[in-house]
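This is what each chain is made of:
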Amino acid sequence: MKKILNDPNQAAPELVDGLVDYYNGAVDKVGPGAIALADIADDKVALLVGGGTGHEPIYHGLIGPGMADGAACGDIFAAPPPNVILDATRAVNKGNGVLYLYGNYAGDVMNFKIAAQLAAAEGIKVETVLIWDDVASAPPSEKENRRGIAGLIPIVKLAGAAADSAKDLDELVSLVTNARDNTRSVGVALAPGSIPATGKPTFELDDDSIGVGMGIHGEQGVGIEKMMTADALAEKLVDLILADDLPIGSGDEVLVLINSLGSTTMMECLIVLKKVKAILVDKGIGIYDIMLGPLVTCQEMAGLSISFTKLDDTLKTLWDKPCSSLGYTKLGK
Amino acid sequence: MKKILNDPNQAAPELVDGLVDYYNGAVDKVGPGAIALADIADDKVALLVGGGTGHEPIYHGLIGPGMADGAACGDIFAAPPPNVILDATRAVNKGNGVLYLYGNYAGDVMNFKIAAQLAAAEGIKVETVLIWDDVASAPPSEKENRRGIAGLIPIVKLAGAAADSAKDLDELVSLVTNARDNTRSVGVALAPGSIPATGKPTFELDDDSIGVGMGIHGEQGVGIEKMMTADALAEKLVDLILADDLPIGSGDEVLVLINSLGSTTMMECLIVLKKVKAILVDKGIGIYDIMLGPLVTCQEMAGLSISFTKLDDTLKTLWDKPCSSLGYTKLGK
Amino acid sequence: MDNQALSPVEIRDMLIAVSDKIIESEALLSEADRKLGDGDHGLGMQRGFTAAKSQLEALEPKTAGDVLTTIGMALMASMGGASGAVMGMLFQSGGMALANAASLDASGLSQFLDAAREGVCNLGGAKPGDKTMVDALAGAQESGQAAIDGSTSEAFAAVAAGATDGMEKTKAMIATMGRAKTLGEKSIGHPDPGAVSVSIIFQTMSDYVNQR
Amino acid sequence: MDNQALSPVEIRDMLIAVSDKIIESEALLSEADRKLGDGDHGLGMQRGFTAAKSQLEALEPKTAGDVLTTIGMALMASMGGASGAVMGMLFQSGGMALANAASLDASGLSQFLDAAREGVCNLGGAKPGDKTMVDALAGAQESGQAAIDGSTSEAFAAVAAGATDGMEKTKAMIATMGRAKTLGEKSIGHPDPGAVSVSIIFQTMSDYVNQR
Ligand SMILES: Nc1ncnc2c1ncn2[C@@H]1O[C@H](COP(=O)(O)OP(=O)(O)O)[C@@H](O)[C@H]1O
Ligand SMILES: Nc1ncnc2c1ncn2[C@@H]1O[C@H](COP(=O)(O)OP(=O)(O)O)[C@@H](O)[C@H]1O
Ligand SMILES: [Mg+2]
Ligand SMILES: [Mg+2]
Ligand SMILES: [Mg+2]
Ligand SMILES: [Mg+2]
Numbered sequence: 003m004k005k006i007l008n009d010p011n012q013a014a015p016e017l018v019d020g021l022v023d024y025y026n027g028a029v030d031k032v033g034p035g036a037i038a039l040a041d042i043a044d045d046k047v048a049l050l051v052g053g054g055t056g057h058e059p060i061y062h063g064l065i066g067p068g069m070a071d072g073a074a075c076g077d078i079f080a081a082p083p084p085n086v087i088l089d090a091t092r093a094v095n096k097g098n099g100v101l102y103l104y105g106n107y108a109g110d111v112m113n114f115k116i117a118a119q120l121a122a123a124e125g126i127k128v129e130t131v132l133i134w135d136d137v138a139s140a141p142p143s144e145k146e147n148r149r150g151i152a153g154l155i156p157i158v159k160l161a162g163a164a165a166d167s168a169k170d171l172d173e174l175v176s177l178v179t180n181a182r183d184n185t186r187s188v189g190v191a192l193a194p195g196s197i198p199a200t201g202k203p204t205f206e207l208d209d210d211s212i213g214v215g216m217g218i219h220g221e222q223g224v225g226i227e228k229m230m231t232a233d234a235l236a237e238k239l240v241d242l243i244l245a246d247d248l249p250i251g252s253g254d255e256v257l258v259l260i261n262s263l264g265s266t267t268m269m270e271c272l273i274v275l276k277k278v279k280a281i282l283v284d285k286g287i288g289i290y291d292i293m294l295g296p297l298v299t300c301q302e303m304a305g306l307s308i309s310f311t312k313l314d315d316t317l318k319t320l321w322d323k324p325c326s327s328l329g330y331t332k333l334g335k
Numbered sequence: 003m004k005k006i007l008n009d010p011n012q013a014a015p016e017l018v019d020g021l022v023d024y025y026n027g028a029v030d031k032v033g034p035g036a037i038a039l040a041d042i043a044d045d046k047v048a049l050l051v052g053g054g055t056g057h058e059p060i061y062h063g064l065i066g067p068g069m070a071d072g073a074a075c076g077d078i079f080a081a082p083p084p085n086v087i088l089d090a091t092r093a094v095n096k097g098n099g100v101l102y103l104y105g106n107y108a109g110d111v112m113n114f115k116i117a118a119q120l121a122a123a124e125g126i127k128v129e130t131v132l133i134w135d136d137v138a139s140a141p142p143s144e145k146e147n148r149r150g151i152a153g154l155i156p157i158v159k160l161a162g163a164a165a166d167s168a169k170d171l172d173e174l175v176s177l178v179t180n181a182r183d184n185t186r187s188v189g190v191a192l193a194p195g196s197i198p199a200t201g202k203p204t205f206e207l208d209d210d211s212i213g214v215g216m217g218i219h220g221e222q223g224v225g226i227e228k229m230m231t232a233d234a235l236a237e238k239l240v241d242l243i244l245a246d247d248l249p250i251g252s253g254d255e256v257l258v259l260i261n262s263l264g265s266t267t268m269m270e271c272l273i274v275l276k277k278v279k280a281i282l283v284d285k286g287i288g289i290y291d292i293m294l295g296p297l298v299t300c301q302e303m304a305g306l307s308i309s310f311t312k313l314d315d316t317l318k319t320l321w322d323k324p325c326s327s328l329g330y331t332k333l334g335k
Numbered sequence: 073m074d075n076q077a078l079s080p081v082e083i084r085d086m087l088i089a090v091s092d093k094i095i096e097s098e099a100l101l102s103e104a105d106r107k108l109g110d111g112d113h114g115l116g117m118q119r120g121f122t123a124a125k126s127q128l129e130a131l132e133p134k135t136a137g138d139v140l141t142t143i144g145m146a147l148m149a150s151m152g153g154a155s156g157a158v159m160g161m162l163f164q165s166g167g168m169a170l171a172n173a174a175s176l177d178a179s180g181l182s183q184f185l186d187a188a189r190e191g192v193c194n195l196g197g198a199k200p201g202d203k204t205m206v207d208a209l210a211g212a213q214e215s216g217q218a219a220i221d222g223s224t225s226e227a228f229a230a231v232a233a234g235a236t237d238g239m240e241k242t243k244a245m246i247a248t249m250g251r252a253k254t255l256g257e258k259s260i261g262h263p264d265p266g267a268v269s270v271s272i273i274f275q276t277m278s279d280y281v282n283q284r
Numbered sequence: 073m074d075n076q077a078l079s080p081v082e083i084r085d086m087l088i089a090v091s092d093k094i095i096e097s098e099a100l101l102s103e104a105d106r107k108l109g110d111g112d113h114g115l116g117m118q119r120g121f122t123a124a125k126s127q128l129e130a131l132e133p134k135t136a137g138d139v140l141t142t143i144g145m146a147l148m149a150s151m152g153g154a155s156g157a158v159m160g161m162l163f164q165s166g167g168m169a170l171a172n173a174a175s176l177d178a179s180g181l182s183q184f185l186d187a188a189r190e191g192v193c194n195l196g197g198a199k200p201g202d203k204t205m206v207d208a209l210a211g212a213q214e215s216g217q218a219a220i221d222g223s224t225s226e227a228f229a230a231v232a233a234g235a236t237d238g239m240e241k242t243k244a245m246i247a248t249m250g251r252a253k254t255l256g257e258k259s260i261g262h263p264d265p266g267a268v269s270v271s272i273i274f275q276t277m278s279d280y281v282n283q284r
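Chains as they are written, first to last, in the numbering used here: chain A, 3 to 335; chain B, 3 to 335; chain C, 73 to 284; chain D, 73 to 284.
Calculated from the structure, these hints are not laboratory results. Hints may be right or wrong, so weigh each one.
[To be verified] Covered, in the sense of this in silico footprint (three residues per stretch, anywhere, with C-beta under 8 Å from a C-beta of chain A), are these stretches of chain D:
1) 97 to 111
2) 115 to 124
3) 147 to 154
A quick note: this is a predicted structure, and the numbers were derived from the prediction, not measured. Every residue gets a Cβ at the ideal spot worked out from N, C-alpha and C, and that includes glycine.
Kindly generate the complete structure, drawing on both the sequences and the hints.
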């Protein structure tokens, strides 16, 4: 596997430096792996995201106005250590507390938990909302065992808008919890990505097989099936989401995200979107807005995921706010 | 090569339908392969882009406020036929004429030329600016033999802003020509993409070789070299651009674009950006803004390109305008 | 040897045979384009001649020009790419020269080729030697002029040979036009894919005319 | 058999040996994680123990706790991931229990393991049977308690055997924690990578103690 790197073992710190360069002054590196907006309003409730790198543009590419205030970046596919999270926490905290928003993985949960304890010891108020949108990873009765996958993109965007308006940390927690609880995703893997340091693929899959319910760290799919058409795949994934416990039906409005895991082309995402839209229209479900592209990736992994966020009026108002970041930018409505 | 498709021979029309779906009402399909903004101001000088599909998000993902008014989409890697261009031309024309802006490829030039004749016969004023930013494809003395590659992204964005302010077609032509003449690019291929209909790779490259000066349709590189580090590659590509006839030196300001050809990760682009920035800082060249990501692709091809646009005050003003599209969105400054 | 001119219906059937041949040559033509370009030439030709065939099948032609401009328009509107423009233009310009011709003989074939060559060269600016389909077309056109006084079937055979000869010559050329131009010397040894198509087109025409 | 307690300097040297062993086991550990997770466990361990080794080499330890919390902090701060938290916590909680211990013997080892297990289980919520490193750690801890009255070297050997035994048991388990949990039954047959690490750690300690 050819990759454009200097030292494969230094890929993570180098990409974080490149990211700070990308932001061209708007973002500061506040510690190894810790980045924060240079300009955070004085009385703002802060939003901190984070996780392993190698999934660009998340998480560190989600910093910006109307998005997250800072990010804690780990090594490739590895949650950031507590001290990195703490550095980022100190930088974004403006006295009104910090919301930790990240994907529900054992490594992230443990490292953020330790960081939250360290922050609390310094008098920084911290609350946490875990993202667990992947319906394939556990039954609805065990949400706290579900993984966070591409649904984190609409959730972080909504949280970013919420953080700009929330009067305190508690209000932010409840707004973001609402966004999280209304988001469901499921994905499919076609081919593995590779780990930069070893060059090895993250899993194996036959030439004619796909993994339904894959994870964004290259975890194998929950069900291995034969390759199928775009339309059949779209139906299968939409069915999996709609069969979950969140009622989405006629008259409801959703945000739709078609996320490429890396090397799956926008062409394929658009062809899947076509079918997803047809299914939703058929069911009388309105599409409020659409996101599409490689937003939560796993190196050059092939595959995609579909996410729906069901919007109530509060979430619509949050969605309509402008935002800007490497990963997602939107004009106001 | 597994791809998420229905009928591989219908990939292009299906992706165009998916694209119209993505725009969720903001874009109309005005003929097979022809799309246009639903809302174009009555006295606007129109901007039409186009080319083969398979390079998403270009060209058809560049429609939107502050970007192009319409696009003519061909089959995968094939220029659109004249009638498709004509349909799009009629839809975007508001009486003040239409600028055709596209990459300098024989197929595009011929088809757009025929379309321009047909449009003229209907009384529609049409002018053309060809994009030829690839310094590797011909010497500076033969610009009209150069290909258009990722530099089209900043050029279309600048052209979109120019089209909103230009008083007439001639002024638009001169603004866009200025943007084009100040843009230079060069790319490198690591691995081929594949043609959806045949599943075949577009070229072959040894495991340890890279093609410097590749084209975005899978054309092989101008020079085959051994794989090198990200830093060495960044230096080589920047040198190729700075050695060209456009003087860029201390005190100048540039837009930088690091474009992934498809499966090359954002991580790699960021690591290359880090070095590019270091080189520019070292030479006293200012970075006005940065674009980074898969903006001009060739299916799941691996590789990237670097583009610089040298900005004068006029171009800066155009750059600072907000714009929104599937491919590139920017808040105003 | 048969010296009878082709009726519009025969021209139509001949072009349906050409369409079938091109459609079945998809893989060969795409492979030729993988060597020099983006590997899609066969796909474009297949798309174009599939559309052309279905229009030809529905056509009840009155003049030679009717058939030839119909296929030209069909190719032009359905293919796109460099070859859509040049193949479309070949038949459209050539066909316009025979707008009122009730049939097609050696002299008509030569008129067709003269106009076709002029139309394609005007559109794309390529000259013989640039390693494009113009080399095959020019070979066909020059052989067509030389065969102007012979029988219809002799003329078609000569044109096919001229096209193939022109195509063969492209192997030794360095590309200066189109996508292969950045290959420089690496383009030597491979025939231009568009020239291969032109050679197949005129060879299939000649086969039809000489086998009826 | 040698019943001498380990001095802080010996503990340091033992942990440098552990670091070397883990660093050289990178490929094996990553491969184990490719079966059940994201294939990076060896990389994280290598990163952590490289950082730990350089801190240990610079350390002039006064107490057993000094050494153990130093390696704990180094792992915690440099690794990240699930294993950074749990491996860091193992040594940190364990080390705190020996904060003032001048040396490490069978009883100290058992105290270390009791505190380590408690710290890790509190942090991550895993229990024995969940197919995590806790299975190996619990095996070590239980063997450590049973060996509390024996010699130092016997205790280290027993703990290593207990860790390895716990690791072996994970092969038959279905993962319910961490990234492998979505694999369900497919996780059967493969040992948990973190458990493999824990087994290597205690085996290397035992080798050091029994070979000095
Ligand atoms: N300027 C030109 N004049 C004549 N023929 C051309 C010209 N440019 C390209 N061609 C022909 O087009 C062929 C390529 O066609 P095709 O692969 O279908 O289109 P594209 O290059 O758009 O992918 C070339 O082999 C060549 O014969
Ligand atoms: N909740 C937990 N408690 C204890 N150990 C855990 C827990 N979750 C994961 N682990 C351990 O972490 C190991 C994986 O480590 P590693 O691959 O380095 O991290 P990551 O899962 O973040 O990629 C697993 O093999 C398991 O032993
Ligand atoms: Mg990991
Ligand atoms: Mg093409
Ligand atoms: Mg081609
Ligand atoms: Mg792992």
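Here is how each hint holds up against the structure:
Counting residues of the segment 97 to 111 of chain D whose beta-carbon sits less than 8 Å from any beta-carbon of chain A gives 6, enough to reach three: the coverage restraint holds. Evaluation of the coverage hint for the segment 115 to 124 of chain D: fulfilled, as 3 residues show C-beta separations to chain A shorter than 8 Å, against a requirement of three. Only residues whose beta carbon comes within less than 8 Å of a beta carbon in chain A count, and the segment 147 to 154 of chain D has 7; three or more means the coverage holds.
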